[in-house]
Each structure stands twice: as structure tokens, then as C-alpha cells.
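Assemble the whole structure, with the sequences as input and the hints as a guide.
Protein chains in written order, with the numbering used here: chain B, 1 to 357; chain A, 1 to 357; chain D, 1 to 357.
In case anyone wonders, no lab produced these hints; they're calculated from the structure.
Among the hints, erroneous ones may be present.
Chain copies aren't distinguished; within one or between two, either way the pair holds.
Claimed, not checked - Straight-line alpha carbon distances no greater than 27 Å define the calculated DSSO-like cross-link-like pairs of lysine-lysine that follow:
no.	residue 1	residue 2
1	K73	K17
2	K302	K73
3	K73	K96
4	K96	K242
5	K96	K17
6	K242	K310
7	K319	K96
8	K310	K17
9	K96	K302
10	K310	K96
11	K319	K302
12	K242	K302
13	K73	K310
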Amino acid sequence: MYVRNCWYVAAWDHELKVGELISRTLINEPVALYRAQDGAIVGLADRCCHRLAPLSLGRIEGDDLRCMYHGLKFNRSGACIEIPGQDMIPATACVKSYPAVSRHSWIWVWMGDPARADEALIPPAVGFEDPNWTLRSGHMDYDANYLLINDNLTDFTHLSYVHANSFGASEVFARTRPNIERLDRGVRIWRWVVDGFRDAKAAPHRRAEGDNWQTYDYLAPGILLMHTAVLPTGSAERFGHKSPDLSQVEVLSDNFTSQAVTPMTDHTSRYFFSWGPRAAESSDAMAEAMLAVANLAFSEDKAMIEAQQKMVDANPGVKPVLTSADVGPMLMRSVIERMIAAEAAPGAALPAAASAA
Amino acid sequence: MYVRNCWYVAAWDHELKVGELISRTLINEPVALYRAQDGAIVGLADRCCHRLAPLSLGRIEGDDLRCMYHGLKFNRSGACIEIPGQDMIPATACVKSYPAVSRHSWIWVWMGDPARADEALIPPAVGFEDPNWTLRSGHMDYDANYLLINDNLTDFTHLSYVHANSFGASEVFARTRPNIERLDRGVRIWRWVVDGFRDAKAAPHRRAEGDNWQTYDYLAPGILLMHTAVLPTGSAERFGHKSPDLSQVEVLSDNFTSQAVTPMTDHTSRYFFSWGPRAAESSDAMAEAMLAVANLAFSEDKAMIEAQQKMVDANPGVKPVLTSADVGPMLMRSVIERMIAAEAAPGAALPAAASAA
Amino acid sequence: MYVRNCWYVAAWDHELKVGELISRTLINEPVALYRAQDGAIVGLADRCCHRLAPLSLGRIEGDDLRCMYHGLKFNRSGACIEIPGQDMIPATACVKSYPAVSRHSWIWVWMGDPARADEALIPPAVGFEDPNWTLRSGHMDYDANYLLINDNLTDFTHLSYVHANSFGASEVFARTRPNIERLDRGVRIWRWVVDGFRDAKAAPHRRAEGDNWQTYDYLAPGILLMHTAVLPTGSAERFGHKSPDLSQVEVLSDNFTSQAVTPMTDHTSRYFFSWGPRAAESSDAMAEAMLAVANLAFSEDKAMIEAQQKMVDANPGVKPVLTSADVGPMLMRSVIERMIAAEAAPGAALPAAASAA
Chain B
1 MYVRNCWYVA AWDHELKVGE LISRTLINEP VALYRAQDGA IVGLADRCCH RLAPLSLGRI
61 EGDDLRCMYH GLKFNRSGAC IEIPGQDMIP ATACVKSYPA VSRHSWIWVW MGDPARADEA
121 LIPPAVGFED PNWTLRSGHM DYDANYLLIN DNLTDFTHLS YVHANSFGAS EVFARTRPNI
181 ERLDRGVRIW RWVVDGFRDA KAAPHRRAEG DNWQTYDYLA PGILLMHTAV LPTGSAERFG
241 HKSPDLSQVE VLSDNFTSQA VTPMTDHTSR YFFSWGPRAA ESSDAMAEAM LAVANLAFSE
301 DKAMIEAQQK MVDANPGVKP VLTSADVGPM LMRSVIERMI AAEAAPGAAL PAAASAA
Chain A
1 MYVRNCWYVA AWDHELKVGE LISRTLINEP VALYRAQDGA IVGLADRCCH RLAPLSLGRI
61 EGDDLRCMYH GLKFNRSGAC IEIPGQDMIP ATACVKSYPA VSRHSWIWVW MGDPARADEA
121 LIPPAVGFED PNWTLRSGHM DYDANYLLIN DNLTDFTHLS YVHANSFGAS EVFARTRPNI
181 ERLDRGVRIW RWVVDGFRDA KAAPHRRAEG DNWQTYDYLA PGILLMHTAV LPTGSAERFG
241 HKSPDLSQVE VLSDNFTSQA VTPMTDHTSR YFFSWGPRAA ESSDAMAEAM LAVANLAFSE
301 DKAMIEAQQK MVDANPGVKP VLTSADVGPM LMRSVIERMI AAEAAPGAAL PAAASAA
Chain D
1 MYVRNCWYVA AWDHELKVGE LISRTLINEP VALYRAQDGA IVGLADRCCH RLAPLSLGRI
61 EGDDLRCMYH GLKFNRSGAC IEIPGQDMIP ATACVKSYPA VSRHSWIWVW MGDPARADEA
121 LIPPAVGFED PNWTLRSGHM DYDANYLLIN DNLTDFTHLS YVHANSFGAS EVFARTRPNI
181 ERLDRGVRIW RWVVDGFRDA KAAPHRRAEG DNWQTYDYLA PGILLMHTAV LPTGSAERFG
241 HKSPDLSQVE VLSDNFTSQA VTPMTDHTSR YFFSWGPRAA ESSDAMAEAM LAVANLAFSE
301 DKAMIEAQQK MVDANPGVKP VLTSADVGPM LMRSVIERMI AAEAAPGAAL PAAASAA
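Quick look at the structure:
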């Protein structure tokens with residue numbers, strides 16, 4: 001079961017070149033994507049209505065797409081506009097069209113009711129065009145259900161164990177619980193990390209001295225938007241361990257990461273991510289160093305989560321024994337479950353859009 | 001569901017060397033094949049009745065076959081004639097024997113009632129021994145059900161799209177429907193191609209000038225026998241766009257192809273083919289050039305059909321939206337369905353044999 | 001269905017190094033294994049109770065094991081003794097602990113009721129520490145259910161066919177039936193081989209002259225313990241073709257093999273084996289030559305049994321036609337079935353331990 005009335009990240013914008021077709025499977029549905037001549041993104045079910053051949057093996061003709069098995073041609077709305085050798089085109093000759101948009105360097109596809117596709121619901125990720133940040137990016141495929149990755153990203157306890165040698169969190173980090181707030185379409189998680197990185201190997205983007213302030217929103221279906229700032233030692237206490245007013249304090253350094261977890265099938269997911277420091281002199285080198293660490297850390301997650309998925313699959317009846325670290329994952333799962341339930345209730349309003357964390 | 005009372009192509013004749021065993025899976029049944037000393041082909045269920053070890057791992061002893069797990073020995077009729085260390089051989093100790101024949105360079109196996117195996121029902125394919133044609137051959141394995149390949153071979157509309165760069169059909173070809181006739185065990189499809197190849201890259205076996213006359217029989221389970229002739233421009237009109245009398249016209253060039261689609265399992269098929277021009281001086285080079293084009297084209301088919309099969313598998317409930325190009329495939333499927341239904345009716349006569357196209 | 005109240009060979013003792021974790025799947029259950037500081041073997045379910053991550057990806061801390069996903073720590077009994085960031089540890093936070101013992105160079109794991117784990121039930125295999133034998137060892141993985149391997153090892157008829165070129169049995173061997181006795185936890189199989197190896201290529205451990213005396217116990221779930229001795233020609237007759245008193249006869253040469261067939265899953269098995277001659281000058285070279293032949297022979301078994309498994313899987317309804325050679329396999333299967341049935345009867349006594357063959 002998936003939320004349908006939301007935007008899924010299908011690809012990096014730069015993966016979809018003009019005149020080329022790509023195919024991406026989202027929540028078990030194959031979608032063919034291409035750019036129309038006005039630059040708009042076209043998303044069509046990647047399955048010809050005639051004989052079910054993939055349209056992504058087809059040919060773009062202007063704004064239209066021709067199936068290259070028997071030549072049926074579809075317009076960007078998915079209507080068949082030509083059947084070679086036949087004058088009459090039956091009304092049933094059409095393929096599903098998916099609303100699709102390029103925004104914040106990602107291509108987003110709306111998998112639900114097209115009439116409800118609202119670009120205001122696209123999460124405020126940070127794209128390469130944003131002048132404030134110097135970003136590097138990547139993606140990674142998982143042999144795992146996206147919910148296990150969501151669980152991972154809404155409970156950073158694992159940093160002290162999975163990432164002891166990459167992000168460099170000490171065990172103090174795991175013993176400290178973050179603050180968690182429910183949002184309409186997700187959760188907000190924030191914490192001060194005063195001691196959490198003190199004893200650990202310093203990651204390149206982390207100052208040896210200072211209090212770390214870390215806040216992120218995690219939005220359905222699986223969009224993580226996180227801001228981390230290193231503030232002078234004593235800042236956590238100065239702000240009463242609450243949310244700081246960053247205009248009232250010297251920010252020693254800060255960085256931003258946008259991440260997206262996209263269910264491809266029930267058993268596979270694609271994980272997109274960018275990360276980088278505030279734009280400044282020499283931030284290119286810093287961004288590259290940060291992405292190198294992130295790539296290492298995300299490989300550690302992937303190894304653990306894929307192993308976990310195998311155990312889950314092999315033990316279908318076994319329920320997890322939850323701990324107090326599971327508040328984030330459980331809250332996020334409940335947000336998703338409520339959204340799915342709401343979609344089953346006809347006429348219900350969609351949850352409101354997220355604002356920047 | 002498969003037609004059982006018909007001959008399936010199991011292998012090229014040259015694949016079965018004297019003294020060697022091969023194993024071929026036909027309609028989900030493994031068959032061990034070897035040659036008896038009189039040259040006859042022996043086909044036995046490739047599964048010892050004792051412990052189900054494959055007999056194709058066995059040893060040919062004269063005309064008999066010994067299982068090399070525990071030594072049971074079977075004669076060419078499948079009766080067990082020796083159990084080492086045991087005098088009494090139970091009547092249940094036997095394996096199924098399949099009628100098998102080498103004809104037209106192929107080894108044919110009858111998967112149905114042995115009492116009804118009739119060599120007159122072997123389709124009149126053209127083998128290497130035929131002095132009229134200079135043939136080259138090959139085979140290819142599909143991860144697809146054979147019916148999807150049958151569909152492909154009974155609707156040449158796809159030539160204009162799948163094979164635009166190999167066989168070189170123009171889009172005019174796709175817009176022209178062939179004539180289709182029902183046969184007892186298949187369909188006959190013929191057409192004049194007056195403009196169909198005019199604008200396309202010339203395939204090596206095709207004359208730039210002239211009217212193409214193309215006729216083929218497609219016989220259950222999946223045997224294609226096609227004759228193509230290039231006749232002087234105007235021939236189509238001269239013969240009223242009907243079947244020409246080739247003795248009354250100068251044949252500029254002609255060629256013949258025999259093809260066989262064999263279901264190995266529900267999900268896999270083997271595709272055998274030979275092709276070549278009329279035997280003449282320098283026809284070897286022409287045959288090789290033709291096979292090179294055919295190999296390229298058949299790889300194009302394979303890529304499309306295997307992609308189609310994946311979509312079909314992933315969307316079990318989705319029905320094709322048929323077009324007027326589907327008359328051939330639908331008729332061929334109905335022939336096969338009727339043959340299967342007829343086999344369920346005890347005592348019904350088999351459909352009559354095909355004559356040459 | 002598996003016997004649970006018995007010891008399964010999980011690994012060679014030398015596979016489990018101090019400070020390292022290994023994971024082995026036994027009868028479909030993943031088990032993490034390590035050595036405690038006192039040298040005892042710890043076996044824990046390889047699946048954290050929290051989020052089902054594999055504990056074999058964890059970290060040994062003293063005698064305890066920490067899950068390296070979110071940091072839960074377990075003692076050697078499987079009780080959780082730490083949840084980072086949480087004081088209260090619920091009673092449900094524990095993983096299954098399996099009795100595990102190193103004995104005779106193998107690590108044995110008891111998969112049944114821990115209260116009934118009785119080291120006296122460990123079969124009397126011969127380990128490397130035994131001064132009487134010079135052993136070499138190996139193991140091999142099968143894509144086959146363990147019962148098919150048990151069948152193979154309780155019916156040596158196959159030696160004349162599968163191993164004609166390795167162990168070198170003649171067809172006389174296949175035509176001679178061994179003596180078979182039922183044991184509490186298995187079967188005892190013995191035979192004189194007077195002519196069985198006469199015409200075959202001599203294996204390096206076999207004397208060209210002499211009567212072979214061969215006896216082995218095959219114990220649940222799949223432990224083979226075999227003693228082979230070459231005695232002077234005429235010994236079989238001298239002892240009336242019964243069990244010889246080896247103290248009353250000159251043993252020309254003898255050797256011992258211990259073998260274990262462990263079900264990993266329903267479809268996969270691991271086969272452990274050691275073999276070697278009586279310890280003496282130059283027995284190292286002899287042991288190596290014997291193992292080289294055994295490795296060849298066991299590869300022959302593996303090829304045959306995996307092919308057999310595929311046929312069994314593809315033909316679920318087909319029953320074997322049994323021969324008089326199947327007494328051993330059938331008796332061994334019935335022993336296992338009775339043990340499984342007995343486990344379902346609460347309070348029933350376990351079958352008695354085996355003594356040396």
C-alpha cells in the first residue's frame with residue numbers, strides 16, 4: 001500500500017535529456033518519461049495499450065510518442081492519435097498519463113488522482129540552482145522496501161553503530177533522544193548535539209569545537225530535508241536547548257542535504273541525495289569531501305538494511321520489539337498510514353504542504 | 001495449455017551427434033534424445049523412473065540407455081530391461097517414449113498420443129538437402145511464451161517499426177493489410193508489397209526495382225514457411241493483386257525461410273530459423289548476407305518481445321486493445337485453441353496436414 | 001519437517017576464530033556463532049529482536065554481542081542487557097539461544113528443546129585430534145534437499161555408475177547388496193567387497209589384492225562414520241561373510257571417514273567431510289591422495305543430485321519406482337520420520353546415542 005496523492009522523485013533532472021526516453025518504476029508502475037518541446041515533462045504509463053510493449057522503447061515524434069512495436073502513436077495526454085493502417089481509433093486506445101514536474105533538480109511524478117496534482121505539495125528540497133549551497137549528489141538502489149529506509153532516516157540512533165567510522169558519531173549520540181514533532185505530511189526531528197561527535201573521528205564538514213544544531217523534516221513518501229549548523233560552544237545552553245534563532249548567533253559552519261526515498265517496487269527502492277556546505281570560497285572541495293563521506297555512510301546503511309530486509313522476508317510472522325528510539329519511525333509510518341486511509345475516503349482534503357524546515 | 005498431437009522442433013539435426021545424448025525441454029517436459037544404431041531418433045522422458053535422475057546424464061549402450069545414477073537400463077521403447085542386483089523388473093519400471101523423427105534438417109518430437117503420431121503431419125519445411133535453395137541457419141532462446149512470438153510472426157506490421165533499420169520496411173508497409181486465410185492447422189498470409197520497401201534501406205536480398213510477392217503458412221504450433229519473390233514492376237497489377245502464377249512471369253529473385261517456434265516452458269521458447277536465396281552461382285555470399293540481416297532483425301524482435309513479456313507478467317489483468325492488424329495473431333490463436341479443445345474430445349480426427357505454401 | 005532434538009554440524013571448528021562472528025543457516029534458521037572467553041561456543045538467533053537486523057553483523061564485547069544497527073546488546077544466553085538511551089529493558093527483548101559445542105573438530109548446534117540438549121548424543125565422529133588417523137577435510141554446498149544426499153549415502157549402488165572413474169567400483173559392486181541394520185538414531189550398513197573393486201581403476205587408498213571390509217553408521221540427521229579395511233584375500237570367507245574380528249586378522253590397510261550432511265534450507269545443504277588412512281609414516285601423502293579422489297567423487301555426486309533435485313522439483317507428483325537397492329534410504333527416511341513424529345508426542349524419550357561403528 002502506498003500514498004498515491006503525493007509527488008514521487010523519479011529521477012534527477014539531468015538524467016532526462018531532451019529527445020530521450022527514460023523508464024522508471026514507481027510504486028510498481030512503469031512510467032515512461034520525456035520532455036515536450038515546451039520543456040514540460042511528460043509521464044505516460046510505460047505500456048502500450050495495444051500489445052503491452054514498453055513505450056520507453058518507442059520514438060518521440062514532436063510532443064508525441066510512438067510505440068515501436070506496431071506503430072501506435074500517443075499524444076502527451078496518453079490518447080492514441082494514430083493506428084497505422086486503421087482509420088477508426090477506439091476510445092479505449094489510450095494510456096495513463098501521470099502529472100510530472102521538474103523542480104529543485106528532481107523530476108517529480110504524481111501517482112494519484114491527476115485532478116488533485118498540486119505543485120504546491122512538492123517538498124521544498126534544495127536544487128543545484130540554489131545560490132546558498134554548494135551541492136554534490138548521487139543515488140543508490142536498494143533491494144529493500146522503502147519503509148525500512150524511512151525507518152532508518154527517522155531514527156539516527158544508528159549513527160553511533162552503523163556510521164561509527166564514517167559520520168563519526170560517538171555512543172553519546174545514541175543515548176540522546178531528539179525532539180520529534182508531527183507535521184501534516186511527515187515529522188520534524190531536531191536536536192542539539194553537544195557531545196555526540198566529541199570523541200569520534202571528525203567528519204570533514206564538522207568543526208571539532210562547537211555545538212551542533214541539527215533539524216530535519218521527513219515528508220511523505222520519503223523526503224528528508226536537513227539543515228545542520230555548528231554554533232559556538234555554549235549555544236545549546238544559551239538557547240535553552242530549544243530551537244535557536246540563527247540570526248542571533250554566529251554560525252561557524254552549516255550545510256544542507258536533500259534526500260528522497262522512492263519505492264520502485266515492493267522490494268526495491270531508489271535513494272537520491274545531495275549534500276553540501278554553504279556556498280563560499282573553497283566550498284567545492286568541502287562539498288566533495290562531504291559527499292565522499294556520505295557515500296561511504298549510505299553504503300553502510302544499504303548493507304545493513306538489505307540484510308535486515310532478508311531477515312524480515314525470512315521471518316514473516318516476527319514482530320519488532322520496539323524501543324524509545326522508534327518514536328520517529330512509528331510516527332512517520334502512522335503519517336503514511338493515515339494518508340493512505342484518507343485516500344480511501346472519497347472527497348477528503350489532502351494534507352497541507354510542508355514549509356521549509 | 002499446448003497442442004500435444006503435433007510435431008515440435010526439438011533441435012537441428014546436426015546438434016544430435018551419433019553416440020551423444022542431448023536433453024531438450026518441450027512444453028515443460030524434459031526429453032532425452034539420441035540416435036539408435038539404425039539411425040532412428042530415440043526420445044525418452046529425461047527422468048529415470050527410479051529416482052528421477054536425468055537420463056541425459058546416462059550412457060548409451062547399443063540402442064539402449066543406462067541411467068548413470070543407480071544403473072537402470074532402458075530400451076528405446078522406454079522399458080526398463082535391467083536393474084543391477086535385482087532379478088525381477090516391475091512393470092512400472094519404464095519411462096515415456098516420444099516418437100521422434102529427423103526431417104528437413106530438424107528433429108521433430110511428437111508430444112501427444114504416440115498412436116496418432118503421423119509423419120505426414122510434419123510441416124513441409126525446407127532442409128539443407130533441398131537443391132533449390134542455399135540456406136544458412138541459426139537459433140535463439142527467448143525468455144517469453146511462444147504465443148507472443150507467434151503473434152509477432154503472424155502480424156508483419158511490426159516490420160516498419162521494429163525492423164526499420166534491418167529488413168528496411170517503410171511505413172507504407174505497416175499501413176497495408178495482407179490477405180489472411182484459415183488453414184486446417186494454421187493460417188496462410190500473403191501480400192503484394194509494391195511500395196513497402198521503396199524508401200527503406202535496401203536489405204541485401206531485395207531488389208530496388210520490382211514488386212515483392214510474399215506468402216507464408218504459419219502452422220501449429222509455430223512453424224513459418226515463407227516464400228518471397230521479386231517480380232517485375234507492374235506484376236501486382238498484372239495479377240490483379242491476387243496470387244500470381246509464377247510460371248507466367250520472370251522471377252527476378254526469390255528466397256525461402258523456414259522458422260520454428262518451440263515452447264520449452266511456459267516462460268521460455270527456442271526459435272529456429274534458416275533462410276536463403278534460390279541456389280545459383282554466388283548464392284553462398286547472398287545467403288550469408290541474408291542471415292546476417294535476419295540475425296539482426298531477430299535480435300530486435302527478441303528485445304521487444306522479452307520486454308513485452310515482462311509487462312504482460314507485471315500486469316496480469318490488462319487486456320490488449322486489438323487493432324485490425326491483429327487478425328493474423330487472433331486467427332492463429334484460435335486455430336491452436338480449437339486444436340487443444342479437439343484433443344480433449346476423445347476420438348476426434350486430427351486436422352489435416354499442410355501442403356507447401 | 002526436520003528432527004529438532006539432535007545435533008547439526010554447523011561448521012568446522014577452525015572456521016570459527018576467536019573474536020569473529022559467523023552466520024550459518026540450519027534447517028531454515030539463521031544462527032550467529034562466536035566463542036566466549038572461556039572457549040565455549042555461543043549460538044544466538046541471527047536476528048535482533050528489535051528490528052530484525054542480523055546479529056552476525058554485530059560486535060563481540062567480552063562474552064556479549066552488540067547489534068550494530070541500533071546498539072542493543074545481548075548476553076550469551078540471548079537476554080538483552082542494554083538498549084542505548086533507554087533504562088527499562090522489556091522482558092520480550094531477547095533472542096533465542098542455541099546450545100552449541102565444539103567436538104570432533106566440528107561445531108554442533110542443537111536445534112531443539114535446549115533442556116534436552118545432551119552432549120552424549122553427539123555422534124562419535126573422528127576429529128583431527130585423534131592420533132589413530134591422518135585426516136584431510138573439506139566441504140561442499142548443494143542446491144538440493146538433504147534427504148536426497150542421505151539417500152545417496154545410504155545406497156552405494158551408485159558407486160559403480162557415478163564413481164566408476166573416481167572410487168573405481170566395478171559393476172559387480174552394484175550387483176551385491178550390503179547388510180543393513182536399524183539403529184536407534186540411524187542405520188548400520190556393512191559389506192564385504194571381494195570382487196567389487198577388482199576390475200576398476202585402483203583408487204590410491206585401495207590395495208589391488210585383498211578383501212575389502214566396509215562398515216558405516218548413518219545417523220540422524222545425516223552423519224556418516226565409515227571404517228574400511230583391506231584384509232588378506234580369503235578373509236570374507238574365513239569370517240563367513242559376517243562381521244570380522246579385526247584383532248584376529250592382519251589388517252593390510254584401513255581408513256576412516258566422517259561426513260555430515262546439514263540442511264541449511266529446504267533447498268540447500270552443506271556437506272562436510274574428512275577422510276584419511278591410519279596414522280603411519282607417509283600417511284600424509286596418502287591422506288592427500290585420498291582426499292583428492294574424494295573431492296572428485298563428491299563433485300560427481302553433487303552434479304547428479306542437483307540434476308535429480310531439479311527433476312524432482314519440476315515433477316512434484318512423480319513418485320520413485322523403488323528397487324531392492326533402496327532399503328537403506330527407505331530405512332533411514334523412516335528413522336527420521338519416526339524421530340520427527342516422536343518430537344510431536346510430548347514427554348517422549350529421545351532415541352539413545354550411537355556408539356562407534
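Hint-by-hint comparison with the structure:
When the C-alpha separation of K73 and K17 is checked against a cutoff of 27 Å, the pair qualifies only within one copy, where the shortest distance is 21 Å, while the shortest distance between copies is 50 Å. Taking identical chains as interchangeable, the C-alpha atoms of K302 and K73 lie at most 27 Å apart only when they sit on different chains, with a minimum of 22 Å there against 41 Å within one chain. Within a single copy, K73 and K96 get their C-alpha atoms as close as 14 Å, which meets the 27 Å cut-off; across copies the closest is 51 Å, which misses it. Taking the shortest alpha-carbon separations for K96 and K242, neither the intra-copy value of 48 Å nor the inter-copy value of 42 Å comes in at or below 27 Å.
Proximity of K96 to K17 under the C-alpha cut-off of 27 Å is restricted to the intra-copy arrangement: shortest distance 22 Å within a copy versus 53 Å between copies. For the homomeric pair K242 and K310, neither the shortest alpha-carbon distance inside one copy (40 Å) nor that between copies (53 Å) is at most 27 Å. When the C-alpha separation of K319 and K96 is checked against a cutoff of 27 Å, the pair qualifies only between copies, where the shortest distance is 14 Å, while the shortest distance within a copy is 38 Å. In this assembly of identical chains, K310 and K17 lie within 27 Å of each other by CA distance solely across copies; the values are 25 Å between and 36 Å within a copy.
With identical chains, the CA atoms of K96 and K302 are at most 27 Å apart between copies only, with a shortest distance of 26 Å across copies and 33 Å within one. In this assembly of identical chains, K310 and K96 lie within 27 Å of each other by CA distance solely across copies; the values are 18 Å between and 34 Å within a copy. In this assembly of identical chains, the alpha carbons of K319 and K302 lie at most 27 Å apart only when taken from the same copy (21 Å versus 38 Å across copies). In this homomeric assembly, K242 and K302 never come within 27 Å of each other (Cα to Cα): the closest approach is 33 Å inside a single copy and 62 Å across copies.
In this assembly of identical chains, K73 and K310 lie within 27 Å of each other by CA distance solely across copies; the values are 21 Å between and 43 Å within a copy.
Violated hints, listed in ascending order, are 4, 6, 12; each of the other numbered hints is respected by the structure.
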